[in-house]
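The listed protein sequences correspond, in order, to chains A and B.
Taking numbering that gives the first Met the number 0, I'd label the letters of the first sequence as residues 0 to 487.
Taking numbering that gives the first Met the number 0, I'd label the letters of the second sequence as residues 0 to 487.
No lab work stands behind these hints: they were computed from the structure.
Treat each hint with caution, since some may be false.
You can't tell identical chains apart in this list, so a pair holds if it fits in one copy or across any two.
[Unchecked claim] The calculated BS3-like cross-link candidates involving lysine-lysine, where the alpha carbons are at most 27 Å apart (straight line), are:
| # | residue 1 | residue 2 |
| --- | --- | --- |
| 1 | K361 | K56 |
| 2 | K361 | K344 |
| 3 | K344 | K86 |
| 4 | K407 | K379 |
| 5 | K249 | K361 |
| 6 | K379 | K453 |
| 7 | K377 | K249 |
| 8 | K339 | K233 |
| 9 | K344 | K377 |
Number of protein chains: 2
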Amino acid sequence: MAKAITPRHVDYAEWYNDLVIRSGLADYSAVRGCMIIKPLGYALWENMRAVLDRMFKETGHVNAYFPLFIPKSFLSREAQHVEGFAKECAVVTHHRLKLADDGSGVVVDPDAKLEEELIVRPTSETIIWHTYRDWIQSYRDLPLLINQWANVVRWELRTRPFLRTAEFLWQEGHTAHATRQEAIAEAERMLDVYARFAEEYMAMPVVRGIKTPSERFAGAEETYCIEALMQDGKALQAGTSHFLGQNFAKAFDVTFLDQNNQRQYVWATSWGVSTRLIGALVMTHSDDDGLVLPPRLAPLQVVIITIPTVEEPQMTVARQIADALRRLGISVEIDTDDTKRAGFKFAEYELRGVPVRIAIGKRDVEHGTVEIARRDTKEKVTIASERAPDYVRALLDEIQRALLERAKRFVADNTHYVDSFGDFERILDEQGGFVMAHWDGTPETEALIKERTKATIRCIPLDHVPEEGRCIVTGKPSHQRVLFARAY
Amino acid sequence: MAKAITPRHVDYAEWYNDLVIRSGLADYSAVRGCMIIKPLGYALWENMRAVLDRMFKETGHVNAYFPLFIPKSFLSREAQHVEGFAKECAVVTHHRLKLADDGSGVVVDPDAKLEEELIVRPTSETIIWHTYRDWIQSYRDLPLLINQWANVVRWELRTRPFLRTAEFLWQEGHTAHATRQEAIAEAERMLDVYARFAEEYMAMPVVRGIKTPSERFAGAEETYCIEALMQDGKALQAGTSHFLGQNFAKAFDVTFLDQNNQRQYVWATSWGVSTRLIGALVMTHSDDDGLVLPPRLAPLQVVIITIPTVEEPQMTVARQIADALRRLGISVEIDTDDTKRAGFKFAEYELRGVPVRIAIGKRDVEHGTVEIARRDTKEKVTIASERAPDYVRALLDEIQRALLERAKRFVADNTHYVDSFGDFERILDEQGGFVMAHWDGTPETEALIKERTKATIRCIPLDHVPEEGRCIVTGKPSHQRVLFARAY
């Protein structure tokens, strides 16, 4: 028997690591900081990707694919950008190996040194804006609305599966516009897409906001973000959308002739979410027994298990129900493994987060009933088997709704309004969560708070209520509360 | 006006390059050997991927994702494998840049040298079999049927968009089995999937065969392949499926306890197709006016153009037909650009390979008709507009069928049976195509033929007719013809 999962109250970080590995979402790899996304984790990513891709296409975007490698000199073109990424990037310096003279294996061939080193993309603004220079001549070429699904590499020192890995999968939108207003509208539109995805599919409520200048993306004029709250009271940045101004257009000399035949620099946005969302999903809903997945993203929505084992007439009923569910567009599997007991299987599917389990025993068949269990609350009901398909369909909707509801309640219960630095520190240490407090708007105060409490300004919420107050550190006047938290 | 496409009879290679760029399939990038896959090319790849992914899942495979990087030492473990890939790989040696002292930009930080260099995956057998060691303990863990969609890098010297690029997109299946027979059956099954995909979706006939030992994948015991014939008479390897024996299991010590509790090495396969298929598609069907895409893969199946421009009542009819086509599951767009003439648009959609064009003029509306043109033959018909949706649906099927038919005829017309080396050379020089000839089975003869004619043995066809004959070079006895060609 494999090692049990550490309970959350014992050690939340251990619980997360145990769960990710034991449930089959991911595995550690032989390469420092890189994970293996196992079939369950990848199926979840495929489902997320399919929904997001549809949302991107509905908002007018098309996909393309740009090179994995970025010439080193490109990174230097935008001053803040290079500062943000140079310290943690994988550098390709050679293009050949050769057999070692001593027969010990292969070594880098010194004769195959690249003239210019290549960086494995940490993000693609530079290579893409270098390309846009050729693609954009006139206002007729705008807007250019392109998205890319890709892998990226950032050489992080401390890594954790999904949350922070050296390589991760993501999508990055890169759009070009004729006007500032249009680019800002695009950045806000995509933030809205992310927020809707988080709430409607992940059942994860998020706060929409903008980052303070010190937390902005390297090269952005404004960074919009969605922030979620994990079960342990820490915040997690779930997606960002950047208004890049004309920074990259100027760095790569991308101009267009406007309708008055005037040459102008192009306005830009970029926006992305990544496999990090899988970590967010885990830490929003799961429990000590395993994953809890929202039905709209679960790779498998329903499992049917016959009891005591794989035998007739239970299997006949199972097949009838499975067929009916499939006709309703619900994904379902019958467990046909006759080497494992039902109790073992129950635990296994709970671990893997299958939202609904149907159990069919001999007695059930005699009575014309089945037992239906929901993963989120563990509640069970016994109902007439012919009612099962419709019941399950409604139950999946109900689970999706209940997960969002519960998560929203959790955020509400763990959002604290504080007005003194003493309360601020105490709340962070004793309860965690989102802390709404007044701040004087200076990077100095922001840095001081971070240094003393490890909390950062997650965002300046967009749906803020204007409120006069005083900074919890300096007492200087402030016109709205900002959202603080310790964060992943 | 952009440069016209070089006609095929003038220079086939130029025609291909012109077409790929002008149609918007791909663009050159700032990184040597790496291309940019533009929206049209990527949409085509998405359609291919969707079909293949469904076929893989129907044959029991699941997707996963393994790291981009492979520790250098892993490559050395399988002797043939390292020999095959060491000479053309991108090597990551450092993980940080720093600002140059002279302010000229960024330089590689010598203090950030990796202890062990990492190779950007040229293929993933080594990292995957290193992982399978942990995943496989018993016969109950087998078969393990995993596929990965990923980017890979091979540092090719001469590159051409899609056909041979330093980075390309592909899928790589990596399966593990308890017995030799089962692994061979898997390799053959996936070859069959590839062949069906090529014929049923790409409308591209292929010859299924096995490679000679000198053309095998580095580390394989048997390489199965599908070979297609391009319009210029050169062959193109469109997909490969490898029976790897126990080579990787032995290199990475992957064993399992069989049903008799005996420890055994695991048997392996791997198989892949790549964005190269897009190049194959172009060179199978397209013409001097642009792309010709099979309806089952075309990103856009039907375009509707109103004449002389975007105006009523033509647009009303266009919308009615578009709605009806969408209800039939056909992808359709109405061109609403009022800055371009219809003639220009016709040429543009021909260039982009849209299978069916519907044109609606003022006179058409008066007569209740529309004009329907098919891209492949350029034939046009005028029919009653209410018949258009059903007509188009049938026409798309007809185009799909006709493209395969025409391509099959081309292969038949360009497959030559020769019995002397003189004929062999003459056919290759004068006509090209597939050449079926007897070969004595030795690598020496194979190498000699390659050196003297640049033709290689593309495969030993699987559906061969046994036939006694004599090698065209040595006159030694041979029991079947093999397939020779000059190849991409």
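Given identical chains, is K407 near K379, meaning Cα to Cα at most 27 Å, within a copy, between copies, both, or neither?
-> within (24 Å within a copy, 60 Å between copies)
Is it within a copy, between copies, both, or neither that the alpha carbon of K361 lies no farther than 27 Å from that of K344?
-> within (17 Å within a copy, 68 Å between copies)
Can you tell me if K249 and K361 fall within 27 Å by alpha carbon in one copy, between copies, both or neither?
-> neither (73 Å within a copy, 47 Å between copies)
27 Å Cα threshold - placement of K233 relative to K339 | Result: close neither inside a copy nor across copies, 39 Å intra and 55 Å inter.
Pop the pair K344 and K86 into one bin, within, between, both or neither, using alpha-carbon distances up to 27 Å.
-> Answer is neither: 47 Å inside a copy and 49 Å across each miss the 27 Å cutoff.
At 27 Å max between alpha carbons, let me know whether K344 reaches K377 within a copy, between copies, both or neither.
-> within (15 Å within a copy, 60 Å between copies)
Within a copy, between copies, both or neither: where do K379 and K453 come within 27 Å Cα-Cα?
-> neither (43 Å within a copy, 71 Å between copies)
Homo-oligomer pair classification [K56, K361; C-alpha up to 27 Å] = neither (49 Å within a copy, 33 Å between copies)
Pop the pair K377 and K249 into one bin, within, between, both or neither, using alpha-carbon distances up to 27 Å.
-> Neither way: K377 and K249 sit 57 Å apart in one copy and 46 Å across, limit 27 Å.
Hints 1, 3, 5, 6, 7, 8 from the list above are not met by this structure, while the remaining hints are.
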